[in-house]
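> For reference, the chains in residue letters:
2 protein chains.
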Amino acid sequence: MTDFSRTRALFDLPEGVIYLDGNSLGPMPKAALARAGRTIADEWGQMLIRGWNQAGWMQMPGSLGDRIGRLIGAAPGSTVVGDTLSIKVYQALASALDLNPSRKVVLSDNGNFPSDLYMADGLLKSLGRGLELKVVEPEAVADAIDETVAVVMLTEADYRTGRLHDMKAITAKAHAAGAVMIWDLAHSAGAFPVDLAGSNAEFAVGCTYKYLNGGPGAPAFIYVRPDIQDRVRPALSGWLGHAAPFAFDLDYRPGSGVERMRVGTPPVIQMAVLEASLDIWDGVDMQALRRRSIELSERFIAEVEAGTKDVTLASPRDPNARGSQVSFRFADGYAAMQALIARGIIGDFRAPDIMRFGFCPLYNTDEEVSAAAAALVEIVSTGAWNRPEFLARKAVT
Amino acid sequence: MTDFSRTRALFDLPEGVIYLDGNSLGPMPKAALARAGRTIADEWGQMLIRGWNQAGWMQMPGSLGDRIGRLIGAAPGSTVVGDTLSIKVYQALASALDLNPSRKVVLSDNGNFPSDLYMADGLLKSLGRGLELKVVEPEAVADAIDETVAVVMLTEADYRTGRLHDMKAITAKAHAAGAVMIWDLAHSAGAFPVDLAGSNAEFAVGCTYKYLNGGPGAPAFIYVRPDIQDRVRPALSGWLGHAAPFAFDLDYRPGSGVERMRVGTPPVIQMAVLEASLDIWDGVDMQALRRRSIELSERFIAEVEAGTKDVTLASPRDPNARGSQVSFRFADGYAAMQALIARGIIGDFRAPDIMRFGFCPLYNTDEEVSAAAAALVEIVSTGAWNRPEFLARKAVT
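Heads up: the protein sequence lines correspond to chains A and B, in order.
Position 120 (the first sequence) corresponds to 1298 in our numbering; numbering is contiguous.
Position 234 (the second sequence) corresponds to 1412 in our numbering; numbering is contiguous.
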């Protein structure tokens, strides 16, 4: 049994705040400060350059990757940490296209995170040779997979609604059509169990600052299926993915396994903070996490819908078809979210009308969920959102 | 006048260590720990997702870029921080090739940092279309610039010897031949004054963990000449380089100016530490830094050469022709460096035989330089390096 009151006690949550935005940026583990302090003062400060060996900085991308691997169903040696999710998307797509050089179409959907589509667009424009990014509705993906498709690139959980793709079925369909599969797990890793190995997908990527609570700007991760690792050509062929980085050869020779997906010098201090956050995940049973996540989200939906007809559920009603978030549509959703935030209840807003609430069993409680539901009901029912300070939009939301 | 005893007092250097490896990883500014703590506990911990606005995280890549800009002769609005140097090399080269689409040759030299060559190789392999990476001796670069060259890509200060290229002359030659110029300033930024605007180069890149003391894994920077910024197509077209990242459009539209070279979510905690290190640079006169750097390196060379004939100067003898490091060749340089490190004198070794010493006026003193020279003389003269514990090589050096 996973004791979620134990895990909650490991986070520092501000007084008076109900935090339902861990799907944008997870909160701070109490151990993060001391862990960063150790890396800064004891390792960097005292070991200086020797920290790369003595403190094991050089091995962290692989060891952190393996710890994330457990949460997403990836075998040890198949996941490595570094860079940002956008960069990892680029790496995965470039390598995937290389594995399928005769085809021209990259298939994605409009529920994919925009940066994934932007990175694909940039890569395809660079490569030229008639490559094409085809973006369909999420529901149309399966039917759009055909013999023209080189790569299918999707985010498992839609960032707007939490709607889940069926990883296993879509991957099987992609493979049957001869396409390579890439999954973005940004809203999956740490949100619910993922069976990456079972899906048989060639590549997966994700970030660690959402459900994994790695902190602002925490590095991303990339997974490469073990049997193809040594066939994958790294398009971003940096020295730390080289077979012998410190030989300073003039020619690139890719390192073995997933290590070749490393690029430049890894962000040691961010990795230290991520390590503190991954400590919390040790011993968390992912099935128990999923059950608890569904309890929280079902409670939220039931209490909101019992209180108001003014908002419309944007997430799938079937909990098995959504991730660990619930979104409601409300025409003045931006202002309503500002009104909630003014009361210390933090979710977020995605244009044009989506109010988004993330549920994280590691720290969210039933009482928080009920208080958030009651506040949302009150705000939309009474028009409490209709005030100038809530209506004014900031540049960054 | 810059008071270098004041700046030295701002660093935390371990007792008993003489640190001459700031050209690999600069030491810890005393303010780094508190600055990281503020970002972790007060910003992330208390503001949570609101930190992006309230703590100004979103603006940091530009504001830190401008502060680095002052040190390298770049106008405000032309430098932005993010990712790693390898990624920034890739961005610069991809954009440079786009500006010169009819030519096939990328010219570099074998004094360039290997990762730059690896990244170029990976990019050219991806692009195909007959593109070719031509790597010549550093001395042969100027003569190799001709009408076939699309891009000249060089590191100003050779990481092995500190030998400097003449930025202005080579850039002028590249432009006269119709080529685009990229400078890697990894061993320049914070080492001596750079006149990037005066060189008229289109692109420059660099890292912040060496002479800028930004900490292990600190982010890189990229410069784009102001007049071409809005013509540059970002190959790594991530959402934070988008004109409106939070509109979540499906199509990529590059942001204005150098902001379009941003890619994914920036490493907030690493940027906070970098900010603490850049505070030290405020008020440092770069000409005074250069004079002091030359004093330190000239003292080192003179005292080593007065004491032993067993090592050979690998750096240019003319201080104006080298950066802020001195390298000596010694056949058993690896072991000799280990012997120095065992005495608390930290430089580093680069295969096959280069003992490398960086000199940083912000914290290195005359006394340290003399002590290091005396120890080196003694170790090579007496054979003190010839012990099993110094001869055994570790995997990472």
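Fair warning: there could be bad hints in the mix.
As the list claims (entries may be wrong) - Calculated pairs, EDC-like style, for lysine to aspartate or glutamate (alpha carbon to alpha carbon, straight line, at most 16 Å): (1) K1208/B x D1220/A; (2) K1487/A x E1473/A; (3) K1303/A x D1429/B; (4) K1303/B x D1429/A; (5) K1351/A x D1321/A; (6) K1303/A x E1556/B; (7) K1208/A x D1220/B.
Said to hold, decoys possible - If you want the ones that stay clear, here's a sample from chain B, every Cβ over 12 Å from chain A, calculated: (8) T1185; (9) E1221; (10) E1310; (11) K1351; (12) L1418.
Unchecked claim - Chain B stretches covered by chain A per the calculated footprint, using a threshold of three residues with CB under 8 Å from any CB of chain A: (13) 1195-1201; (14) 1212-1220; (15) 1251-1265; (16) 1439-1449.
Hint data in this document are derived by calculation from the structure and do not stem from the laboratory.
Cβ atoms here follow ideal geometry from the backbone N, Cα and C, with glycine treated the same way.
> Check each numbered hint against the structure and report the violated ones by number, ascending.
Numbers 2, 6, 9, 12, in rising order.
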